[in-house]
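Colleague: Single-letter residue listing:
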Amino acid sequence: MQQFWSVPRITRRAWKVWHRNIVVFFRTWKVNFFPPLIEAFLYLFAIGLGIGSYVREIEGIPYVNFIAPAILAISVMNSAFFECTYGSYVRMYYQKSFDAMIATPLSIEDVIAGELLWGATRSLLYVIIMLPVLAAFGVISLPLSLLAIPLAFLGGLMFAGIAMCFTAVTPSIDTLNYPSFLLITPMALFSGTFFPVTLMPVLFQYIALALLPLTHIVAIMRMLTLPALSGMLVLHLVWILIVTVIFCIIAINLMRKRLIV
Amino acid sequence: MGATIPDIIEAIHLEKTFGSIKAVDGISFAVKKGEVFGFLGPNGAGKTSTMKIIACVSPRTSGTIRVFGMDPDISPAEIKQRLGVVPQETNLDPDFTCYGNLFTYSRYFDIPPDKAQKKADELLEFVQLSEKRDVTVEKLSGGMKRRLILARALVNDPDLLILDEPTIGLDPQARHLIWERLKLLQAQGNTIVLTTHYLDEAERLCDRLVIMDNGKILVEGSPSDLVKKYVGKEIVEVEKTADVLSCLERNHISFEITGDTVQIATESSRDVARLLFDHCSPHKVLTRSATLEDVFLKLAGRKLRE
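Taken in sequence, the protein lines are chains B and X.
Be aware that the first sequence starts at 1, since it is given in the working numbering, and climbs by one per residue.
Be aware that the second sequence starts at 1001, since it is given in the working numbering, and climbs by one per residue.
Possibly wrong hints are sitting among the right ones.
Here are the computed lysine-lysine pairs in the DSS-like style, where the Cα-Cα straight-line distance is at most 25 Å [to be verified]:
#: 1; chain 1: X; residue 1: Lys1118; chain 2: X; residue 2: Lys1139
#: 2; chain 1: X; residue 1: Lys1032; chain 2: X; residue 2: Lys1229
#: 3; chain 1: X; residue 1: Lys1228; chain 2: X; residue 2: Lys1216
#: 4; chain 1: X; residue 1: Lys1240; chain 2: X; residue 2: Lys1145
#: 5; chain 1: X; residue 1: Lys1022; chain 2: B; residue 2: Lys257
#: 6; chain 1: X; residue 1: Lys1118; chain 2: X; residue 2: Lys1183
#: 7; chain 1: B; residue 1: Lys96; chain 2: X; residue 2: Lys1240
#: 8; chain 1: X; residue 1: Lys1240; chain 2: X; residue 2: Lys1216
#: 9; chain 1: X; residue 1: Lys1183; chain 2: B; residue 2: Lys96
#: 10; chain 1: B; residue 1: Lys96; chain 2: X; residue 2: Lys1216
#: 11; chain 1: B; residue 1: Lys30; chain 2: X; residue 2: Lys1139
#: 12; chain 1: X; residue 1: Lys1229; chain 2: X; residue 2: Lys1298
#: 13; chain 1: X; residue 1: Lys1119; chain 2: X; residue 2: Lys1033
#: 14; chain 1: X; residue 1: Lys1183; chain 2: X; residue 2: Lys1145
#: 15; chain 1: X; residue 1: Lys1284; chain 2: X; residue 2: Lys1233
No lab work stands behind these hints, which were simulated from the structure alone.
Sequences are here, hints too, so could you generate the full structure?
Modeller: Spelled out as structure tokens, the structure:
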């Protein structure tokens, strides 16, 4: 049990792994920059304008403004989570990249830390791409919404850590579908994204607040984009920080257990 | 030791267990600076496990090992900074070109970019892949991939090169090219440790080698000494017939049966052949010099390993 909680020895070599991934990302930037742009437009049109024309307002806020922060938050979750599940698994299992890296001065802790940092960076990049679209539609406030960028990195790191735990224990790439469908999809729907958490039964509200990481990202995101700052921001932030630290540590230790035999 | 040059690798009672399986069972060996040292053995003998311990990617269960005088458990990064590793599996980075693979790998060793660029082109030249410089690695043949991996293992000018089955699955031309390059590295004074189950490869390359089986070292020595000591100079092979067998027994000549041939190890194949022709009415007789393969089969047995 102790081996899951020991604080991993990470060196700044982790950034070399991060650097490798970002080089590949920008070399194929056309395929990588397109999805977040399209995603922003799709959500805005289908849900924002489509459903929005019936719903019009939620809690006195135009519906499309209500879901704009959710679009950002879901993108933060998806980009880091899928990068550190399928992406990392492919690099680990099919490409054997981690094996190649740990034959150099990099340790497995450095490699996984680099992957987590990269997952978080991907969330950050996606939010940077989406922000101008949302700003152009006038559905987010500026300049406070720019704080969504650092929040994207922190939230991305949290989802990267959670994702890497699944990657560390999954028997094959197919079984990564379970967390995607059983965790990520429900979270995208029930975390105060497209309707307020308060519409759900009280018990579910507690569950969403206690267990669904996305709830906290959406909440802060919304405070920034509306804007509607409140003291709750600190509580959400603390929740995210604690969960991020816990899952990143467990992820690195689980990965070491899987790969170092 | 005193004032002499310390060994590059020194292992004493090295052990590695996986659950109840002893992959490496208390082996001791030393590799000197500038020599090519081979690990031979059938599949599952513990060769790769030993390589992984040396390469600091798999911790030993017990025993001691020092690489460049350092402990892999304590100073892995310092040791790995000076190692070049050619793994058994091809693990080139498919997201990069040949050049990109070498350059990216250089970064992991903290090699400055301008130096890394120069080195990458030099190494592509060295393994004869300059023409494929900007080709993605997926488009390379198996032999080219192995050569690129060899080049990658050299980006940091390693003090010790570890090769796990360097020519596995290659055609004769590709194998010869790799051998030639390794010979060149050897001539430049590099220390090389390699595993192989190609015995001609070991005979050709190794100054000294050990034969392993079931996690243990069976014998250690130079290829020629081992052949001399365990088999003899020459081998006479004769087709197995009842006449030949009874004739050999009558003349008190020891032999070994493999399939439908009988093998006789001897100091003088000419005498044995003459005796066969004069007294045993053999069908087919073949004489050849003894090789490491004979030593290997004698020590490790002929049973198939899975």
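Colleague: Indicate, hint by hint, whether the structure satisfies it.
Modeller: Consistency of the hints with the structure:
| no. | hint | result |
| --- | --- | --- |
| 1 | X:Lys1118 <-> X:Lys1139 | holds (23 Å) |
| 2 | X:Lys1032 <-> X:Lys1229 | holds (23 Å) |
| 3 | X:Lys1228 <-> X:Lys1216 | holds (22 Å) |
| 4 | X:Lys1240 <-> X:Lys1145 | violated (44 Å) |
| 5 | X:Lys1022 <-> B:Lys257 | holds (19 Å) |
| 6 | X:Lys1118 <-> X:Lys1183 | holds (23 Å) |
| 7 | B:Lys96 <-> X:Lys1240 | violated (49 Å) |
| 8 | X:Lys1240 <-> X:Lys1216 | violated (34 Å) |
| 9 | X:Lys1183 <-> B:Lys96 | violated (28 Å) |
| 10 | B:Lys96 <-> X:Lys1216 | violated (29 Å) |
| 11 | B:Lys30 <-> X:Lys1139 | holds (23 Å) |
| 12 | X:Lys1229 <-> X:Lys1298 | holds (12 Å) |
| 13 | X:Lys1119 <-> X:Lys1033 | holds (24 Å) |
| 14 | X:Lys1183 <-> X:Lys1145 | holds (19 Å) |
| 15 | X:Lys1284 <-> X:Lys1233 | holds (21 Å) |
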